[in-house]
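Visitor: Residue numbers (my numbering), protein chains in the order written: chain S, 64 to 146; chain E, 64 to 146.
These are calculated hints, taken from the structure and not from any lab test. Accuracy of the hints is not assured; some may be wrong.
Identical chains blur together in the list; that is why a pair holds if it fits in one copy or across any two.
Said to hold, decoys possible - The calculated DMTMM-like cross-link candidates involving lysine to aspartate or glutamate, where the alpha carbons are at most 25 Å apart (straight line), are:
| id | residue 1 | residue 2 |
| --- | --- | --- |
| 1 | K74 | D115 |
| 2 | K124 | E136 |
| 3 | K83 | D99 |
| 4 | K83 | D111 |
| 5 | K83 | E123 |
| 6 | K104 | E76 |
| 7 | K74 | E144 |
| 8 | K104 | E123 |
| 9 | K124 | D111 |
| 10 | K124 | D99 |
| 11 | K104 | D70 |
| 12 | K124 | E76 |
| 13 | K83 | E109 |
There are 2 protein chains.
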Amino acid sequence: MPRVVVDVMPKPEILDPQGKAVLGALPRLGFQGVTDVRQGKRFELEFDGDVDDAVLAEVEKMAETLLSNPVIENYVVRVEETA
Amino acid sequence: MPRVVVDVMPKPEILDPQGKAVLGALPRLGFQGVTDVRQGKRFELEFDGDVDDAVLAEVEKMAETLLSNPVIENYVVRVEETA
Chain S
64 MPRVVVDVMP KPEILDPQGK AVLGALPRLG FQGVTDVRQG KRFELEFDGD VDDAVLAEVE
124 KMAETLLSNP VIENYVVRVE ETA
Chain E
64 MPRVVVDVMP KPEILDPQGK AVLGALPRLG FQGVTDVRQG KRFELEFDGD VDDAVLAEVE
124 KMAETLLSNP VIENYVVRVE ETA
């Protein structure tokens, strides 16, 4: 059964304090070479039928209205085959 | 420049209250057909050099020690080409 994944990330121009906190912690844990870290949300949605274009259009609307804040976040909707 | 993405999701057997909250809200907003929603975190890491196997091994360690809680979360590390 395929599932639909919605990735929600802060817009590039928006400050990402969580990402900055992780970026700051990495050298203290001995990790080098990381120039930037951004943290967002990942949603996995499962459906009781096939995932067709109509379902993907619905998920776009869900992402726009519920899963993300379009003022400060971007989202990407994609289908993922489950193992 | 490629970036490394770390997806962190609650383990299947772990209760996911955020996912359940979204699942409960969808019908109230007029969305039907969704049988399950799980919410996790997505990290995008950028590096000042090439992303090779050594870097990916480091990211696995970052995911294990900082980005996820291995007791209740699973993580997946992958390379993503940036547009």
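Visitor: Could you check the structure against the hints above and give me the numbers of any it violates, in ascending order?
Guide: 1
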